[in-house]
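Undergrad: Read top to bottom, the protein sequences are chains A and B.
Counting from 1 along the first sequence, just add 1221 to a position and that's the residue number in the working numbering.
Counting from 1 along the second sequence, just add 1221 to a position and that's the residue number in the working numbering.
Since the hints were derived computationally from the structure, they do not count as laboratory data.
Please note that the accuracy of each hint is not assured.
Repeated chains share a single entry, so a pair holds when one copy, or any two copies, can fit it.
[What the hints assert, rightly or not] With a straight-line Cα cutoff of 27 Å, these simulated DSS-like cross-link-like pairs (lysine-lysine) come out: (1) K1581 <-> K1398; (2) K1581 <-> K1716; (3) K1284 <-> K1635; (4) K1270 <-> K1522; (5) K1716 <-> K1697; (6) K1581 <-> K1475; (7) K1682 <-> K1491.
Just so you know, these numbers come straight off a predicted model, no measurement behind them.
Protein chains: 2
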Amino acid sequence: MKQYEVFELVLNGQPPEGSEALAEVNAVFSLDGQEKEVKGFYDGNGVYKVRFLPEKCGVYSWKVSGAVVDEGTEECVPGDGHGLVRAEKTHFVYEDGSRYIPFGTTIYALVHQEDALVRETMESLKKAPFNKVRHCVFPKSYEFNQNEPPCFAFEKDGDGKWDVNRPNYKFWERLEKAILELADMGIETDLILFHPYDRWGFATMTAEENEIYLRYAIRRLAAFPSVWWSMANEYDICFAKTVEDWARFEEIIKEEDPYGHLLSNHYCMKPYDNSRENITHLSMQNILFYKAPQWIREYKKPLIYDECCYEGDIHLSWGNISAEEMVHRFWCAYCDGAFATHGETFLSDDDVLWWAKGGKLKGKSPEGIAFLREVMESLPGALEPWDEPVWTLYEPDLQDGDAPADLMENPFFKLHASLTEAERDALNLKDSAYCGHYEEKAFIKYYGIQQPGRSCMFLPKNHTYRIELIDTRERKKSVLMNGASGTVWFDMPGKEKMAVFAIATS
Amino acid sequence: MKQYEVFELVLNGQPPEGSEALAEVNAVFSLDGQEKEVKGFYDGNGVYKVRFLPEKCGVYSWKVSGAVVDEGTEECVPGDGHGLVRAEKTHFVYEDGSRYIPFGTTIYALVHQEDALVRETMESLKKAPFNKVRHCVFPKSYEFNQNEPPCFAFEKDGDGKWDVNRPNYKFWERLEKAILELADMGIETDLILFHPYDRWGFATMTAEENEIYLRYAIRRLAAFPSVWWSMANEYDICFAKTVEDWARFEEIIKEEDPYGHLLSNHYCMKPYDNSRENITHLSMQNILFYKAPQWIREYKKPLIYDECCYEGDIHLSWGNISAEEMVHRFWCAYCDGAFATHGETFLSDDDVLWWAKGGKLKGKSPEGIAFLREVMESLPGALEPWDEPVWTLYEPDLQDGDAPADLMENPFFKLHASLTEAERDALNLKDSAYCGHYEEKAFIKYYGIQQPGRSCMFLPKNHTYRIELIDTRERKKSVLMNGASGTVWFDMPGKEKMAVFAIATS
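Bound conformation, chain A alone (with noise of 0.2 Å):
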């Protein structure tokens, strides 16, 4: 047993005779007189498992009944895994402290792909800089989604209906293969478990038939360190399905899972209700990343822009940007302490679109992309909304960056607090950098589509601080001052998509 490592338990049984989706296996694991209860599942021709993901180092005692009974200890020793992936505040963290800044992109349809495809996948993946795929335990019915899955999540009744009482274990396993083999390339799997796409009758189960499966995945997965729930891709188009039924999966999945994985619910055009206590962080589709700094503010939780378009070429224009316009929308994300996730949607004559089937990586925006986690990964720590205090561009005698007193007697500050959001919004549309910090130590700003050959940071007068110039097109870095303190003026290029800065020095 190691820590942060799934552990598995295999134990022979005779079959279940009722449901084996739900067959009764109950586990205790204890350390230093605490206990954790997780359940186990039938895994076909009389084999039980028990699953259990160890979060401390220490002589584990465990206890199963129900179908199968065995009980014993297991030492529990330092691991190479780092743990869940958990919400701190607004941003990501591994379980053991370690940083971990989402860089997805999507596969949907990734496990429901000939092996060949699957293998070439993984392939890519090595190559490429991302560190999460959202893709979906069932397979995708849409355009340049015709072909069949090799295997499904259940077996059929007599009737031609699925079953989903008898899990397909080759499905699962194979689900499971996938999900570990991403793992050991650092990628987390944000798993979505419902989704519209559909013509094999998965998204109109019924309530009971959703609840059986979601019990079962939840048992079998809940011990892999690298999954993350995502109850959906587009909740608010699963038309089978309520407000109430997502709330009761909410509560399903609290109740099959012991360690509180990440769990968020992704939409089309309503964003689900993200204040909700078992919402994690909040999973988006759309590009307004001048409202970042104000969700983050308003949901104290991390956001990522799950979908803000695709890199590719396809007619539908969700999925026809360009590789610099990907990479400027995960910069404007990051930059505001927000997060993005990357797909693409090349024309082929093979019908393989990464987005949906995985294979080869024809954008030119991953490379982007990894130059941004680079220059991420860098900063001392995680990046928060900032807000410079822009007031002293409207007010030249205060060029030293504090507020004056009577702030708000200034009409023109007046007026600016009484614009309802939409102006505010139309405001920030057209005006925004995308501006982040942490504490003291870093400040960043993203220029977007402004192209200044002059600008300025307000900095904390307590520090020092190098200023460096980031090009995000030619992926350059350079240092434009040392000792910047208070506030600073430089020059700049006068180009669009760049970014500078302050990293403290002192």
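Since chain A is already given, all that's left is putting chain B on it; use the hints.
TA: Below, chain B without anything else, positioned relative to chain A:
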């Protein structure tokens, strides 16, 4: 007297005893039993003038009363002018029915520069694609605007305060000379009557002073066919004026302007109430191009994005976009059936920035705007927003462009219909192409940052069309297909900033 040209009577008399600005000069021009009352004005040195804009041909009889008295007849014959630009539905047209599509630029303090610079500006405009200039009556005090103007609109009183009752005739002559010189080049003057960027006291005149100034200005200028009244640049930060003041200004303008020139009120953060009857068109400051169809339909008036940032490289975010971005914004606006206004703010050693002072154009966006103008003027009529029937994209069985009868039974469309305005905006920002049409004769679609390798148009089945591809960056057109009808698919180059348009050939 020529149709659509200023006719001026010059009459000598005793200088006014009271206000020179409000000197009482009433004139009536009669033709075919129809009378038009116009006010004259005092022009200094015992000279009174009455200006009249004849809009019909024929023999007018006229009669002047008040401070000076005279009468006579004058035959009006056809001239070269086209008359006032008027709002017709959601676009503009000259009084004589000729086409006018505004392609404006911004030179706020045009007439407040030394003669040599004004000269240079006029030379630049000769070579530029612009047919409207936004400029101010009052000089501008702001960053890059620190110079004193050659003259002001009024004389000062003994206390050094502006005396609005004593116009500075030299100033008004200078302003009129500029307006006429612009008009000779086919350029309309969008004359800004008030603005907040002031260090001389014009922004803080009393309501009474404002009224005297306005009445004088309009009596002098209303007969110039090329003048539009822009009540303010950024009315909402004219903090010395209230909403009631602006409503009062509308009434004063209405009283003094016998012709009904175009009238708008431009804002900084809070749009003016553009539903007001006197307001002829929307003068907006934002980059929400995807909102154009909604606003055009809501207000049923033309919409000009009079400030959608400027090409340049200054530190302020509204003044540092690239030429490509500026041209892109123009395409967005025009293809939606709206209009936009250019400006340029490049840092310069001599502090001459086009947006404020004129001079030479340094940017590259005028070339792109010239090309857009050529394309727009080649269309058979004025564009209106076009809602392409996109449901076919989501209903693959309905490839013929017909709306399914049970469209609103489709849960996808039900969901779409239930979105809040903010949710719909978020979707439109992400998904929007910019689409316009002129009847069934022309359809245009601008893909903006989308770069599809394949796309489609849903055209009427009762006509055939020639479809042209436009590369807005390369400024090149090519024919994609002839004889297109109904739903047509075509390959595209998979590049950004492309447009297609379909012109009916039968």
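Undergrad: Given identical chains, is K1581 near K1398, meaning Cα to Cα at most 27 Å, within a copy, between copies, both, or neither?
TA: within (20 Å within a copy, 66 Å between copies)
Undergrad: What label fits K1716 with K1697 when the C-alpha limit is 27 Å: within, between, both, or neither?
TA: both (13 Å within a copy, 25 Å between copies)
Undergrad: If the cut is 27 Å between Cα atoms, do K1581 and K1716 qualify within a copy, between copies, both or neither?
TA: between (32 Å within a copy, 21 Å between copies)
Undergrad: Between copies, within a copy, both or neither: which fits K1581 and K1475 at Cα up to 27 Å?
TA: Neither: 37 Å inside a chain and 67 Å across chains, both beyond 27 Å.
Undergrad: Check K1284 against K1635 for me: Cα-Cα at most 27 Å, and say if that holds within a copy, between copies, both or neither.
TA: Intra 66 Å, inter 52 Å, cutoff 27 Å: neither.
Undergrad: Quick one: K1270 to K1522, C-alpha cut-off 27 Å, is that within a copy, between copies, both, or neither?
TA: neither (35 Å within a copy, 70 Å between copies)
Undergrad: Please work out whether the CA atoms of K1682 and K1491 approach to 27 Å or closer within one copy, between two copies, in both situations, or in neither?
TA: Neither: 43 Å inside a chain and 35 Å across chains, both beyond 27 Å.
In summary, the numbered hints that this structure violates are 3, 4, 6, 7.
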